[in-house]
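4 protein chains.
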Amino acid sequence: MIKIGVIGYGYWGPNIVRNFNRLKSAKVVAVSDSNSKALSRVNEIYPAIKVTANADELITSADIDVVAIVTPVSTHFELAKKALQNGKHIFVEKPFTRTSAQAEELIELADKKKLLIMVDHTFLFTGAVRKIKQLIDDNVLGSLYYYDSMRINLGLIQHDVNVIWDLAPHDLSIMDYLIKDKPVAIGASGKGHVNNREDIAYITVQFSNNIIAHFNVNWLSPVKIRMTLIGGEKKMLVWNDLSADEKIRIYDKGIEVGNREGVYDMLVSYRTGDMWAPKVDQLEALQMETEYFVQCIQSGDSPFNDGQAGLRIVKMLEACDKSLKKKGELVSL
Amino acid sequence: MIKIGVIGYGYWGPNIVRNFNRLKSAKVVAVSDSNSKALSRVNEIYPAIKVTANADELITSADIDVVAIVTPVSTHFELAKKALQNGKHIFVEKPFTRTSAQAEELIELADKKKLLIMVDHTFLFTGAVRKIKQLIDDNVLGSLYYYDSMRINLGLIQHDVNVIWDLAPHDLSIMDYLIKDKPVAIGASGKGHVNNREDIAYITVQFSNNIIAHFNVNWLSPVKIRMTLIGGEKKMLVWNDLSADEKIRIYDKGIEVGNREGVYDMLVSYRTGDMWAPKVDQLEALQMETEYFVQCIQSGDSPFNDGQAGLRIVKMLEACDKSLKKKGELVSL
Amino acid sequence: MIKIGVIGYGYWGPNIVRNFNRLKSAKVVAVSDSNSKALSRVNEIYPAIKVTANADELITSADIDVVAIVTPVSTHFELAKKALQNGKHIFVEKPFTRTSAQAEELIELADKKKLLIMVDHTFLFTGAVRKIKQLIDDNVLGSLYYYDSMRINLGLIQHDVNVIWDLAPHDLSIMDYLIKDKPVAIGASGKGHVNNREDIAYITVQFSNNIIAHFNVNWLSPVKIRMTLIGGEKKMLVWNDLSADEKIRIYDKGIEVGNREGVYDMLVSYRTGDMWAPKVDQLEALQMETEYFVQCIQSGDSPFNDGQAGLRIVKMLEACDKSLKKKGELVSL
Amino acid sequence: MIKIGVIGYGYWGPNIVRNFNRLKSAKVVAVSDSNSKALSRVNEIYPAIKVTANADELITSADIDVVAIVTPVSTHFELAKKALQNGKHIFVEKPFTRTSAQAEELIELADKKKLLIMVDHTFLFTGAVRKIKQLIDDNVLGSLYYYDSMRINLGLIQHDVNVIWDLAPHDLSIMDYLIKDKPVAIGASGKGHVNNREDIAYITVQFSNNIIAHFNVNWLSPVKIRMTLIGGEKKMLVWNDLSADEKIRIYDKGIEVGNREGVYDMLVSYRTGDMWAPKVDQLEALQMETEYFVQCIQSGDSPFNDGQAGLRIVKMLEACDKSLKKKGELVSL
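Chains as they are written, first to last, in numbering that gives the first Met the number 0: chain A, 0 to 332; chain B, 0 to 332; chain C, 0 to 332; chain D, 0 to 332.
Rather than coming from a laboratory, the hints here were simulated on the basis of the structure. Virtual Cβ for every residue (Gly too), placed ideally from N, Cα, C. Heads up, some of the hints might be wrong.
[Stated by the list, open to error] Simulated restraints, written as ranges between beta carbons of each label pair: (1) C:K26 <-> A:T74: 21 to 27 Å; (2) A:K233 <-> B:K23: 50 to 56 Å; (3) A:T74 <-> C:R17: 29 to 35 Å; (4) C:K26 <-> A:D180: 55 to 61 Å; (5) C:A52 <-> A:D62: 35 to 41 Å; (6) A:S207 <-> B:D320: 20 to 26 Å; (7) C:L241 <-> A:D62: 45 to 51 Å; (8) A:S33 <-> C:T51: 39 to 45 Å.
Using the sequences and the hints, build the whole thing.
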């Protein structure tokens, strides 16, 4: 039985506790939060779980194998480091850390201690992303042309980070997971209307090959849109995460480029065929992720959403910050 | 009776001819096109209109007051210049010219000759854009925060221009019309998959104040989307040009920023109220535009979509080209 | 503190327990269910609540003021009667009873015993229905023309009732609540494909005045639709219960009937104006309903969704059954 | 060259003239209309076509092979009879005639004279209906369960017929075409709000087997909906005629009925799989229909949308009228 301590019981913490707790080979034994009301809520629902205002108690407890860190990003590094030093595997909320240097230090420490890091890139475990991953890996889309994502809403404006650090980790981690090629440069521009931090931002990611990626993140939209277009040579795909039943649509549409004999101009023609919406597994993503982490701990295998994956995202976020300061100039990765 | 000669009877020309021709105080007297099939089609529908393969005939005809130039952009300058030199008012397809120097030369020439230039920014005459203009001018939206537009489709790939020169003139001219403040810098990034010209591009426009604008244009999308979000301090608006009945939706949504006494953090709260979709006039835009041009000629007044308006758009397109070459770096306007 | 016993902890029971339990002036003290697994689930979440497989224990307990009956409709009458005989107020799942005679007997018994009956027509407490009620009562729609409802899905086929008894109570109770006039006759037709019970049915309700109502209920639809159109002389309304943000849309559309002088034909013209989507309260309906029942018990006032309301719906359901047997013939109410 | 005379140049006539006229082996030689403005419009567009206010001229002209009757239904019989008597093939607007007796008389007369009748059930020639026909004939849907259609709009209220005679011929003719089994009885109910004629109506059609069909037609709806659901044992289909790109969606959804050993209850389980939207041919339906009629005349074969097809629809419309008078009672066909 793997014993888990959870630090942070705010917006996301309850989901972490609920999902780890329903696994057969794991249980949550302690929760810490500085907010006493949060701890009362834990008590009500899970009388068996110990609660404490002091995260250190949990980190140093001999009774705990895994520490899940579900707190604001600015606190991740210190908590994670202490947990690793105390021999705990760590499960860390996204984004992994505030800087890539912090991420690298944690990765090195975990390596040395032979401990596992999982960064909570929950979306990678949704039925939709797993289905898209399979379609790309099976070459259904063909060679990729572009990845274009929009995640906008009248959103909860964060006080400590801008809209990129809040929303883009979802989409950057999905892109990182789906596209084998690695990005070479990133540009970002945005504007802050409420305070100095950007509440609207646009990110463009360049690859060394044919692919271009783009991310539109916005806290000030009157409508909620979570849509990603992925264009390939053979097929094109629209992922509408807000659709109840048909999240993924695959279009047999594209362009065919030929060469007319003796003619300079290329011959470009259009192909429009059927559309197909495959059934998408509706299991809760966090259930799959927590189960997978426990399996990794049991087997000793590193998860694919490990510290390195977390680091790749943090590097892109850092590059965005740099590019924002340089007014959109491309920043190499 | 104002007499009009139309150069170019390809995709858009027939609409120009049909609309000028149904006005009471104007008529199309001649059409030229290098394609004889196009001229046969003119003959079939309008036996009274003269046709010619030679645009010069039309430009130099004493019987013509206005020359409408509905040809590829690379030919605009030469044709327009000759028409002005021959004392004709000109109606020019968007984008106005291939370079801002050309646009400036045409404006100067028209001024000297006391002739009018109208650039065919058709969208400015749609019921939707006129309604949005009125809402902004009446301060219904309040101080503007952002303008975010998406115009994507499996589109006709042009052989002579990239996707920005093809699609963005629509949206840049609408932005130019709606927003009183003038942009100060522009950044663009994109990728070409079919040939060297960009078939996907993202444009960011910076203003000296709070506003940010963004344009997503794409010829390789499996779905057709024409959507613009305009966020204001008081209200937010979504314009879905593909909606049959409710093109414009105004949301009483926003954020309210206050200051809690004795607290560092700002107090940000959210306001979500009713949505309202005003009725939008469904008259054909080109009918209004052609009528307006005839009125301008009769009154001698310069239209608001004059050469200067055309020049402002060409300057932005040029800046996009420059930014593309500099990999997204901001280019001052 | 009002003490509540809940009979039935299957699909809907957990919602009833959760909502009664979070009220300040009420608490659930006991739950009965014949299924021991259901009782274990109660134990897990609410260790303080007594559980029993024997509903009679709960009905006869001196410690209980209200019995909530959340069991299949065929069992309602017997349980409700016993509960009233034992001096308990009753909260009964919809539809109230299997026959109108049963409903009448329960109403009479409750009257004699001065006990309250609430029938769980939950939808009447949703923000959407309350908003529509207000719009109709404020005469925003004007005199009503029609009520047309569609509730279709790939649904859980019930073994004991047909699709009308399963789905239509929602819509019939909403119609009964919204429209002051009372229906005079009802016709129903349908077909059963899986067993002898109808899995698809169409109901038409006639009123003594201008109004017509229609209900389309279907367990075999590949798509989920919950849509109601309400047409009035002044405005028309579409209620899409599956829309996240804009459940209710009010259209300033209609027909204007005039008389041309000296002409036989009426002059009919069309009015199409703005659309408006008022903000709809998103509170959980069952929370409002349970709170309201507790208030009714405290004040002694009969709720508007009392036994009489339940009886009216049962009478319509009975009439549907009769009409189905007569192949759609109208049955007087 | 087949020569065609068209009677009636109101709303639909221009489409008939345009489509017959662009065929290679046919041409429209004359158009009649009592409205002189209509005739001027013909002259403007087709200077070569003779126009006349007198339909008889056209019917008795030796120069005409086919008379197309595009007038209100009340005039169909007389015009069609005279045309057949004068040896002309006839193309008649839907609905074929005002009574089934009239339809039968025309069929008999055409038989005797060896002339062809085509009833303009245009929808049968749309890409969508042809695709659905093919799916049903190929047994993709399996044995059919239901056909449920909604055709509602803020519609042009007709002065001479009710909403059933105006809108339902479309859907009844499509059902008649798609479903091999023939209906045995029909029930209809409705209400008129503007005049005595029904502006809202609901039709139920019973078959001798498992199938049930239903039609919702409404002239007073604030929203335009044209949707048909077709449920089969193996697949289910939604046809949304207002969707630009995905008019037909086929759902791999259904119920599977088994029998548990030794258990009374049937075991019903649900199957939800992929959705698939086949490409639908976008050719203009009327172009295909007019071409097909000319081919029929050349080959002497009777079209599938012949007088008998027209008669079947008129019989259903008559039965609807009877059922309306009997307040929804089923009327045998």
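Status of the hints after comparison with the structure:
Judged by the Cβ atoms, the range 21 to 27 Å given for C:K26 and A:T74 is violated: they are separated by roughly 39 Å. Between A:K233 and B:K23 the beta carbons are some 54 Å apart, a value that agrees with the proposed interval 50 to 56 Å. Checked against the hint of 29 to 35 Å, the pair A:T74 and C:R17 passes, with Cβ atoms roughly 34 Å apart. Checked against the given bound of 55 to 61 Å, the beta carbons of C:K26 and A:D180, roughly 60 Å apart, stay inside it.
Hint check: C:A52 to A:D62, Cβ distance near 38 Å, so the stated range 35 to 41 Å holds. Separated by about 23 Å at the C-beta atoms, A:S207 and B:D320 satisfy the suggested range of 20 to 26 Å. Our hint of 45 to 51 Å for C:L241 and A:D62 holds, since their Cβ atoms are close to 47 Å apart. Distance hint check: the CB atoms of A:S33 and C:T51 are about 42 Å apart, consistent with the given range 39 to 45 Å.
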